[in-house]
Structure formats: C-alpha cells, structure tokens
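Chains as they are written, first to last, in numbering that gives the first Met the number 0: chain A, 0 to 161; chain B, 0 to 161; chain C, 0 to 161; chain D, 0 to 161.
Because the hints were derived from the structure by calculation, they are not lab data. Be careful, since some hints might not be right.
[Said to hold, decoys possible] In silico DSS-like links for lysine-lysine, alpha-carbon gap of 25 Å or less:
#, chain 1, residue 1, chain 2, residue 2
1, D, K110, A, K34
2, A, K94, A, K69
3, D, K110, C, K110
There are 4 protein chains.
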Amino acid sequence: MSIRIFITGGTFDKEYNEITGQLFFKDTHMSELLKLGRSRIPVEIRTLMMIDSLEMTDADRNLIAENCLKAAENKIIITHGTDTMAETAKVLASKAMKKTIVLTGAMIPYKFGSSDGLFNMGSALAFVQSLPHGVFVAMNGRYFNWDNVRKNRQTGAFEELR
Amino acid sequence: MSIRIFITGGTFDKEYNEITGQLFFKDTHMSELLKLGRSRIPVEIRTLMMIDSLEMTDADRNLIAENCLKAAENKIIITHGTDTMAETAKVLASKAMKKTIVLTGAMIPYKFGSSDGLFNMGSALAFVQSLPHGVFVAMNGRYFNWDNVRKNRQTGAFEELR
Amino acid sequence: MSIRIFITGGTFDKEYNEITGQLFFKDTHMSELLKLGRSRIPVEIRTLMMIDSLEMTDADRNLIAENCLKAAENKIIITHGTDTMAETAKVLASKAMKKTIVLTGAMIPYKFGSSDGLFNMGSALAFVQSLPHGVFVAMNGRYFNWDNVRKNRQTGAFEELR
Amino acid sequence: MSIRIFITGGTFDKEYNEITGQLFFKDTHMSELLKLGRSRIPVEIRTLMMIDSLEMTDADRNLIAENCLKAAENKIIITHGTDTMAETAKVLASKAMKKTIVLTGAMIPYKFGSSDGLFNMGSALAFVQSLPHGVFVAMNGRYFNWDNVRKNRQTGAFEELR
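Chain A with its partners taken away, still in its complex shape (with noise of 0.2 Å):
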C-alpha cells in the first residue's frame, strides 16, 4: 500500500523571492525530491496549508489530525516546520490512531543547495516502513516518541527531553 504524505509548509518548502528578497511558500518540492531521489515507494501527495509552523493554530492541527484519521493509508508522513513538530505531534498522539506516523522537516530550504531535506525525507520514509504504530519525530537522522521530543532552539537540533 502507498505511504501517505501531508505538507503542512515549514522551512523545508520555502523559496527565495528575488524580486522582494524574502521567503515565501509557493509549491511544495516534494516530487522533485523523490524524484532526485529515486523513490520507487508508492506515495500519495496532498498539501494541507503552507505556513510557517509559530503561526500554526489549533484548528491547523484538528485539520491535519482529521485527514490522518480519514486517510486509507496506515503510513503516514507529515512535513512540518520544526518549531512546533513536537506540538503537532502531540495533538496526533491524542487521537491513539492505529498508524504508523512520522514528522519530518528541514533546517535549511530545499531549494538553497545545503539543505538537510532531502536527508530526513529519505529517513522518513525508512521510519514509516519500519516503525510499529505511533506517532514519531524525524530528524538529524534520528527518531523520537512524540512524548520524548523537543527542538533545542540553541543549537537548532532535536533531542530527547529525559
């Protein structure tokens, strides 16, 4: 069966605009990623919203639970700015859905050349295959339980809480 991919924006899928020299979401690059990647896992691909995830509501997040809850897929993988992963990632956990769900972003665009994106997709979809049910955190290669997972804003990388 295919894995279920939702975009909900973040780092990951932001662009330079040239003409205002600011960032802004256009379209996500999810395709051209798999693509570059060689992917031959079956995907399913549907954007949720595009925002930067400290601008994430509630009702973003009772959106995002409702279409995993919905999806036919037990697979599922989430990008999401990092900020607030683990905060979505919680409101997931809520809804005890027997499926395997995994959330994964990037520190750096995919579009500006030294992007880690590329590196967590392909971990991501590993973890989504091999993971048991449950709500999990990709990133810097590794995986966190929903519960034991926050974003050092120091240093920029996750780590667990104990």
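Since the structure of chain A is already known, use the hints to place chains B, C and D on it.
This is chains B, C and D only, laid out in the frame that chain A set:
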C-alpha cells in the same frame, strides 16, 4: 551505541578528475554528507576499500564480512557499488551474524549535484536503527531482504525477485 | 596589475540562518566563488561594509568612492545590492576617476544553489578588463553606462533608460 | 544584434549516465545556464557537434569555421573542449573574419555542482561584447589572443606562450 559505517567505494564516492576527465576515487564523502544532513547519530566510519563493485573479488567480500564480524557495533551500514550489492549481501548473510547490516549506495556520485546519495544514506541510517537482525539492501526509498533483491540493469532500479 | 574587488554586501552575500530562519550577512563568498570559477586573475579583495543596499547612506557611498580613489588599481569591481546600484554608480561617476569601475551583484544569494552570482562575477571580471575608463553596471550578461541604467522593480531585470 | 553561440561539445556539456556509469553527451545545457544567469542578451544557439575535443578532426574545424563565416552575427561564442581549444582558434584566425570570436569551455561538466561553466560563460559573453575583432580564448577569468595561448596539461590552467 554507535552505528558502524564501512566504506567500500562504488558510484557513491566517485569524483571527476578535471585534469584527465576521468572518474576516480579519492576519499569518502561520508563525513561531509552526514554534516549536510545535520546527523546527530554517533557513527564510526572506516574505509575498507575504494573500488568499483564490478571489480570486487571474493577476497574483498570476505574482508568486508570479517570486519562486520569483528565490529563492536551490531548496527552496520556498508556503502557499496550498486552492480554487485546483492552478491555481497549474500556473502554477509551466510555468516549468520546477530547484527543488522544495511548495504546502500548511489546511482549518481555524491559530488555531482543531482545525487541520490544523501537520500539513500538517510534511509539506510533509519533502517539500520529500526529493522531486526539480518542483511538488507536499502535503495530507492525501500529495503530488501538479502535473498530477495536484484538490480534491474535496464532501469537502474532495485526490485524484488518474486 | 591586480584587479581590486570591493565588497559592500547585497543579496550576493546573504546567508540563511538556520536557527532563526532569517537571511543575514556573515562573510563574503568571493574567494570561494573565484576558486569555483578557477579564476587565475590576480585580485585584491576588501570588504568595505556588509549591508542591504536599501540601507546604504550617502556616507556609505562616499566611503566607497574614497576607497576607489585611493586604490592603487585602476580596474575595480564592486559587489553591491541591486536596488540602489545605479545610485552608487552615479556618485562614483561624479568623481571622474581615470579608472574602470564595474558594479555587479546577484538576484539570488550565492549560497543558494540557483544563484546568478557566479555568472555575474564572470561577466564583471571580463568587462573590467576590456571596457575603457568609466563607471558601469554589469548584470544579466550586459553592461550599462552609469547614466543609462535602472533596475526594473517588477521584473528584477536591469535595463537602459532610453 | 544577437550574439551567436555555437556548441561543439567538450567537458562543458558532458553528463553522467547512471545506468552505465559513463560520461556521455546528450543535449547542450546552454539555455538552462543562461536562464540561471538571468541573461538578457539576445542569443542564437546552434549545436554543430557534440564531441570530445581530442576527437575533433580538420573537417570538424572547417565546419566550425564555415559556420562562423556564414553567420549573420559578428559576435560569436564557441563552447569547446579545453584540450584542443587553441588549435581550433588557430584555424578560425586563418580565415581573417571581421568578427569577434570567443572560445570557452569548462574544466568540470555544467551538470556537476562544482562546474566553472557558469563563470566562464559569464566571461565569454562579456568579452565577446567588449573585445575588438579577432579570435580569443576565454578561460579562468582571462582572455587570450589565439596566437598566445596553451592549456597547461599539468595544472589544467590556460596560460600565455610568452
């Protein structure tokens, strides 16, 4: 505990010699790749050989197997040319180690902008952490058991035998 | 004799801060760029300021002009934000130096894969060697006299006034 | 008037065949390169051949010369393998055309991230607009007269004969 990474060469680490116009091996790009991926997983990297996998001999495969046996780690990634990855996997499986061993590689050298190497290593690191003991090939976002994989020479994709 | 390169900032040298998600200035990438271009032209690089050209003051422009006047070299390249490049060119032209001065920049930061910076610097280095004394803007593969150039804010392209 | 660009192959346009692991020629990347450089110079691109310059024959060089003679444009850029660039320049100079002809190329294929091709084309476009009639080689940020240039096979750099 750390993950052991053994380097054996293959397309993954090939470089372009701008004086001769030939592809060649110099050093592995593994540390550079893991830095780009912002990987925070402790790893031990050791280069065993730097060869094209079409030139890999039985002696080379035994050397790889011995190093896997001797390694203190029970999670091992091996970068390898794609052409004979399945053959080396078979030799490793014959040793029946209580370890998780994942072979991976690239269709395009890491140093060429369009490489799948970063994606594959993201996958391999995730699979080696989450799969049970056994020998696996991780390519194209998928994993394959050592006894059920071949490279399709026409398409370049890895696929199951049955 | 060497070519003098003055750095003033602009999009060319902007970087992405992965902790804050903001664009910022750190160091110039000029040496790295010239190495990538395998440039064999002797150059002297000096950073005068690291600012967005929309924030450039009269005092800043006078500082640039003074440095051009004092420079031992009579071939000078200035990297500059694109928004007020034409304005700085006018100040430099008012000094009537017996030098060839070429202003250039980038629409996309050099550190983002899709930058025009390498192309523009290739052009600027060529123009400064082959154009007569005067003040010029080199962008989009073209050169413009200081008194016949503006940036089209809608398209991002440089064009002649008449 | 437009600038004419003739494509003849060389390292500039080589690609990596991920099935065979060999370098090969497919199409020229010139349009893609000029788009990346945001070039606004009108150009006419025509592919004359796609070969390694070590395999270029007298007949090939005559074909290039004939195309330069017949071209409506008097500003011509020729992309060319670096090994025999000086030889082709000599053949073109023997035709004594009232045109500015600039040969350029790359030490690293354009499709490999670390290519000097974008830099060299930026230079070549600038030199062809600003140099007098004659035949020149533009490499390494410099230009050379056809009768005073050779490629140093040890360093890969172009240098003057005297």
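Hint check results:
1. K110(D) x K34(A): holds, 16 Å
2. K94(A) x K69(A): Given that 25 Å is the threshold and the Cα spacing comes to 12 Å, the pair holds.
3. K110(D) x K110(C): holds, 17 Å
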